[in-house]
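Number 290 in our numbering belongs to position 290 of the sequence shown; there are no gaps in the numbering.
Simulated from the structure, these hints should not be mistaken for laboratory data.
Being a predicted model, the structure only gives us computed values, none of them experimental.
Careful: at least some of the hints might be erroneous.
Have a look at the derived ranges for each label pair, beta carbon to beta carbon [as the list claims (entries may be wrong)]: (1) P181 to G129: 40 to 50 Å; (2) P111 to E329: 33 to 43 Å; (3) R104 to D372: 29 to 39 Å; (4) D131 to T361: 43 to 53 Å; (5) L176 to T361: 17 to 27 Å; (6) Q370 to P253: 26 to 36 Å; (7) P253 to G136: 28 to 38 Å; (8) V49 to P181: 33 to 43 Å; (9) V126 to Y260: 40 to 50 Å.
C-beta atoms are modelled at their ideal positions from N, C-alpha and C, and glycine is treated no differently.
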Amino acid sequence: MNVARAVMIGAAAVLSLSPLAAASSASAQPDKREDLRVATYNLSLNRNVEGQLVSDLSTPDNAQAKAVAEVIQRTDPDVILLNEFDYVAAGQAVDLFRDNYLERPQNGASPVAYPYSFVAPSNTGVPSGFDLNNDGRVGGGDDAFGFGLFPGQYGMVVLSKYPIETDSVRTFQHFLWKDMPGNVLPTDWYSPEEQDILRLSSKSHWDVPVTVGKRTVHVLAAHPTPPTFDGPEDRNGRRNHDEIRFWADYVTPGQGSYIYDDAGESGGLNPSEPFVILGDYNADPFDGDSYDGAIHQLLGNHRIVDPQASSEGAAEAARLQGGANLTHEGDPKYDTADFADGAPGNLRVDYTLLSRHFTVTDSGVFWPVQADPLFRLTGVFPFPTSDHRLVWADVTLR
């Protein structure tokens, strides 16, 4: 079997052979059991200037890239979604990250090979041509289809040790917000002309099928907009709510008939198909600024299992940092992001959620306590890696 890399260029998928991946395929291939470790990680490998990420990853010496690579090496997921990894056409940045960082030992951690990857364009930074923030001017990141200073900023990547079924990937970058029945789009904020072009996804929604043994697992990837940086109209909070709802409808029989993908195919996921929902969903079940019940649309769905990943480091951080953390309703051990102490405090916003085809055997958040030598990889602000933590779950496909 050839070891290939799956890369999305525009709307077309391309497979390219990887000599390095082929050479390391023996160590990269998972065992024959149908169990795996899935993970999500907002690793903050976004840059403020287009092309800077390629420049930073072109050598093996970038301190942040080395640190986030070490986090991935020490957790060693089989399938992982990376959020806030700038989109670069033809997968150039992804290849550099694998070659110069993941496949090289970092501070004593063993290299990890991901022969398969998927990248595709993001709505971030793509000009809409309209004054979406109503400031009287057209242009800039806040008037793009998703906030970004250039096209693809804050993009996504799926890395996998298992083959990606490239021909069956579905992307939903162009799905219009107004086409979701019962949406909470603020019609008094956006003009009719703006509503006719406004896309739901602030980045994109992807259904990336991965072959695990003799089964297909659908990796459902997204990164909804933060429910902040707006005004009383709550346009970002409302969008976050409906971006989350998209997956709830997609996996629920009878709810996703309105959905169409970028290739024009309609409908949601076949209920017989296993899935994992990965990503930074920018919504905490108890605290923060989310629109009513946003993440509960997934956590309360009868088809979805929540492994409830936790860490001792998160509980310790909330106690030591105080501030808004002292007023939170949620248990701090489930937090996945170290946000400003004054507001909103640390929150649970990153998720690895599963269909009921899986049995969960373990889960966790990579957030070491301060006495742990690996605390150097998370630290405190300014963070050596990211203000988010890698979240993982060990699962067996029944």
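Checked hints:
no.: 1; hint: P181 to G129: 40 to 50 Å; verdict: violated (26 Å)
no.: 2; hint: P111 to E329: 33 to 43 Å; verdict: holds (42 Å)
no.: 3; hint: R104 to D372: 29 to 39 Å; verdict: violated (23 Å)
no.: 4; hint: D131 to T361: 43 to 53 Å; verdict: holds (51 Å)
no.: 5; hint: L176 to T361: 17 to 27 Å; verdict: violated (40 Å)
no.: 6; hint: Q370 to P253: 26 to 36 Å; verdict: violated (47 Å)
no.: 7; hint: P253 to G136: 28 to 38 Å; verdict: violated (46 Å)
no.: 8; hint: V49 to P181: 33 to 43 Å; verdict: holds (40 Å)
no.: 9; hint: V126 to Y260: 40 to 50 Å; verdict: violated (19 Å)
Hints 1, 3, 5, 6, 7, 9, counting from the list given before, are not met by this structure.
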